[in-house]
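J.: Spelled out from the first residue to the last, the chains are:
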Amino acid sequence: MHLVDFTVTSNKKIARDVFEMQLCIVHCALPMDLRPGQFVNLTVDGHYLRRPISVCDWDGQTLTLIYKVVGQGTARLAQYAPGERINALTGLGNGYTLVPAKRPLLIGGGVGVPPLFYLAKELAKAGQRPIALLGFKCADESFFEDEFKAVCETVIMTEDGSAGGEGFVTQVMPGLEYDAMYTCGPEPMLKAVYDQAKDLPPGHAQFSFERRMGCGFGACMVCSCKTVTGYKRICKEGPILTREEIVWK
Amino acid sequence: MRNENAECRNIADLSVTLSGVELQNPVIPASGCFGYGQEFREFYDIDMLGSFSFKGTTLEPRFGNELPRVAECGAGMLNSVGLQNPGIHAVIAEELPRLKEHFHQPLIANISGFSLEEYVACCEMISRCGQVGIIELNISCPNVHGGGAAFGVCPETAAQVTAACKKVSAKPLYVKLSPNVTSIAEIARACEAAGADGLSLINTLLGLRIDLKTRRPVLANKMGGLSGPSVFPVALRMVWQVYQAVKIPIIGMGGVSSARDVIEMMLAGASAVQVGAANLVNPYACKEIIEGLPAVMAEMGISSLRGIVGQGHSL
Chain A
1 MHLVDFTVTS
11 NKKIARDVFE
21 MQLCIVHCAL
31 PMDLRPGQFV
41 NLTVDGHYLR
51 RPISVCDWDG
61 QTLTLIYKVV
71 GQGTARLAQY
81 APGERINALT
91 GLGNGYTLVP
101 AKRPLLIGGG
111 VGVPPLFYLA
121 KELAKAGQRP
131 IALLGFKCAD
141 ESFFEDEFKA
151 VCETVIMTED
161 GSAGGEGFVT
171 QVMPGLEYDA
181 MYTCGPEPML
191 KAVYDQAKDL
201 PPGHAQFSFE
211 RRMGCGFGAC
221 MVCSCKTVTG
231 YKRICKEGPI
241 LTREEIVWK
Chain B
1001 MRNENAECRN
1011 IADLSVTLSG
1021 VELQNPVIPA
1031 SGCFGYGQEF
1041 REFYDIDMLG
1051 SFSFKGTTLE
1061 PRFGNELPRV
1071 AECGAGMLNS
1081 VGLQNPGIHA
1091 VIAEELPRLK
1101 EHFHQPLIAN
1111 ISGFSLEEYV
1121 ACCEMISRCG
1131 QVGIIELNIS
1141 CPNVHGGGAA
1151 FGVCPETAAQ
1161 VTAACKKVSA
1171 KPLYVKLSPN
1181 VTSIAEIARA
1191 CEAAGADGLS
1201 LINTLLGLRI
1211 DLKTRRPVLA
1221 NKMGGLSGPS
1231 VFPVALRMVW
1241 QVYQAVKIPI
1251 IGMGGVSSAR
1261 DVIEMMLAGA
1271 SAVQVGAANL
1281 VNPYACKEII
1291 EGLPAVMAEM
1301 GISSLRGIVG
1311 QGHSL
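Going line by line, the protein sequences match chains A and B. Heads up: the first sequence begins at 1 in my numbering, then just goes up one per residue. Heads up: the second sequence begins at 1001 in my numbering, then just goes up one per residue.
The set of hints was computed from the structure by calculation and includes no laboratory data. Take the hints with a grain of salt, since some may be wrong.
Partner residues are not named here, just some residues of chain A that face chain B (Cβ under 10 Å, in silico) [unchecked claim]: (1) Leu3; (2) Thr43; (3) Gln72; (4) Leu98; (5) Cys138; (6) Gly175; (7) Gly214; (8) Gly218; (9) Cys225.
Keeping only pairs whose Cα atoms sit at most 27 Å apart, straight-line, the calculated DSS-like set for lysine-lysine is [to be verified]: (10) A:Lys137 to B:Lys1213; (11) A:Lys198 to A:Lys226; (12) B:Lys1213 to A:Lys12; (13) A:Lys191 to B:Lys1213; (14) B:Lys1213 to A:Lys249; (15) A:Lys236 to A:Lys191; (16) A:Lys236 to A:Lys198.
Built from N, CA and C at the ideal position, the CB exists for glycine as well.
Construct all of the structure, not just a fragment, from the sequences and the given hints.
T.: In structure tokens form, the structure reads like this:
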């Protein structure tokens, strides 16, 4: 975990209500490491609490974040211009654990897609052949198709069929061969994926959860959840839970 | 600037005393915003703190309230965690030994409960722990029903739980007061009369936010406790009033976010100061406050912090 000052290098709309922000390190006391599935917690001008955003990409210098405008904080975030400073707590959460596999399946839904991009790159770098299965409401809300296609095989689904196949990602799952599974997206999607991913070895099906957070580093206990192995903090022991740990409400 | 700070530190006396317990400085992370200390060790050496008040602990482990438990407010936040904690046995068996290696200052043990018996049992157990310097009786949590705040909103019950816990506590007993009352001075006097060694105030202010999209309260528990800079003037006013009402020491808290806020709290009558929500938005908050105090003291011509307690009241 580090408290880091960044400069915004770009901040542009890439889909309906969805923005891509690129940030460059200004100052960090120690070398900063970020793993796929981790998040950063941003100070947003005029707002008391930080805003947790998942890491979409990180190359040791430039941090890419993709976020959806859902309220006043993210609306203000969308107004940041290149050159402006932003403070972030980085390296938060456990992140995905990269497990040995040949053909990992990455399933993303909507604004749950971004963390899978960094993951796909890291898995490909490790010699695995990931396949990305990305679901969006419609073409207007879809993003990063070309970026994913440059890294791995990619299947796009939209609820109305306006881009890629028509329907939900879970409709495509039965026809795919995979030996590990990583997912992030709305909870109903996670549950549907969970129901289909039962034949994988322990630890090979990993789910990223989203919760309203306070601090983002495990101090305030506002994002707690019940798991098979006890109470966990989504910001600290999460946001990634394995299939074996999950207790659905 | 850095050199100036170092120079100031040599001459500035930051130490304070709470009921005979010596603290190297008056800055104390508040209960519920600092866990049992471990999370902050990743950011700085927590042994530099005056003390810290650990997460409100009950007899049995508690999950707390349903989610969402947090809502943002202008210059602050609402929480409705509802006393999630591992229970006093796990705190004594696991958290305190783990903390022992890294924290050598007297600890403040924040104790909560749902019955008189529970408060007494917890106080008795925690009182025997050598690391604990002060017991802080939380009779003011706004986020649980039937316990916590129920004791703190009426002078008679506040006195009753204070007297019962005082009997079994070998350590100074501080009672943490609720601001959600008509007269905090009246409750403070009742606690003092019942044997409290000191008072901590204020706990969070009961508040509410409604989500305009769903038209329903943001928090699952509907209401929650407001903290952050927005409550600072209210907290300061209550510390001021209680200082005039009692003779026992006060730990002041509520929205404190800077070295200047600490001085202001002490001028109002606080012998030491707790920092809550600020830790959540800036994990270095307490470190920065402690390091910032000597410069503010130098600017104000203060050589010893303990000398300014309640100075705001003198003519």
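J.: Against which earlier hints does the structure fall short, listed by number upward?
T.: 4, 5 and 6
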